[in-house]
Amino acid sequence: TFVGSVGIRSNLVQGSGGGILAQSSTVILRSGRLDLSNNEASNNGGGGSLTDASALVELDGQQRTAVSVLANVAGKDGGGLAVSGDSTVNFKGSNVRISNNQA
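The numbering of the sequence shown is this note's numbering, which starts it at 4 and goes up by one.
Hints are computed from structural coordinates only; laboratory data are not their basis.
In this text, a Cβ means the ideal position worked out from N, Cα and C, and glycines have one as well.
Check the hints yourself; a few may be wrong.
Simulated restraints on C-beta separations [unchecked claim]:
no.	residue 1	residue 2	range
1	GLN26	ALA106	15 to 25 Å
2	GLN17	LYS95	13 to 23 Å
3	VAL99	VAL6	30 to 40 Å
4	ALA106	SER13	27 to 37 Å
5	ILE101	LEU15	17 to 27 Å
Could you put together the complete structure from these sequences and hints?
See below:
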């Protein structure tokens with residue numbers, strides 16, 4: 004669980020999930036900002052990879068949650084985010100920008 008602002012930037016991984024790798028787990032962001040930018044994975048999910056996992060990004064109280072997934076690169080699938088298996092991504096009351104990613 005992330006609370007507050009989180010920046011995950013400029014990571015390079017051999018495999019999946021340049022910024023975040025979640026396998027059979029849950030990722031939660033409550034209020035604040037999440038910035039997944041300029042990450043790179045040789046396999047799937049330059050910004051992040053979810054496999055049999057769930058991600059919940061939600062508004063907490065009156066504060067706006069902002070998510071940016073920008074300029075990430077994956078060698079195979081999901082330049083910004085790769086979501087596979089029994090995975091769910093849920094954005095509740097959030098401002099989301101996913102752009103300029105490449106796979």
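Status of each hint after checking the structure:
1. GLN26 - ALA106: 15 to 25 Å: Distance hint for GLN26, ALA106 holds at roughly 19 Å.
2. GLN17 - LYS95: 13 to 23 Å: Distance hint for GLN17, LYS95 is violated at roughly 34 Å.
3. VAL99 - VAL6: 30 to 40 Å: Cβ of VAL99 to Cβ of VAL6: about 18 Å, so the range 30 to 40 Å is violated.
4. ALA106 - SER13: 27 to 37 Å: 18 Å Cβ-Cβ, so the 27 to 37 Å window is violated.
5. ILE101 - LEU15: 17 to 27 Å: For LEU15 against ILE101, whose Cβ atoms are near 20 Å apart, the range 17 to 27 Å holds.
The earlier numbered hints that this structure contradicts are 2, 3, 4.
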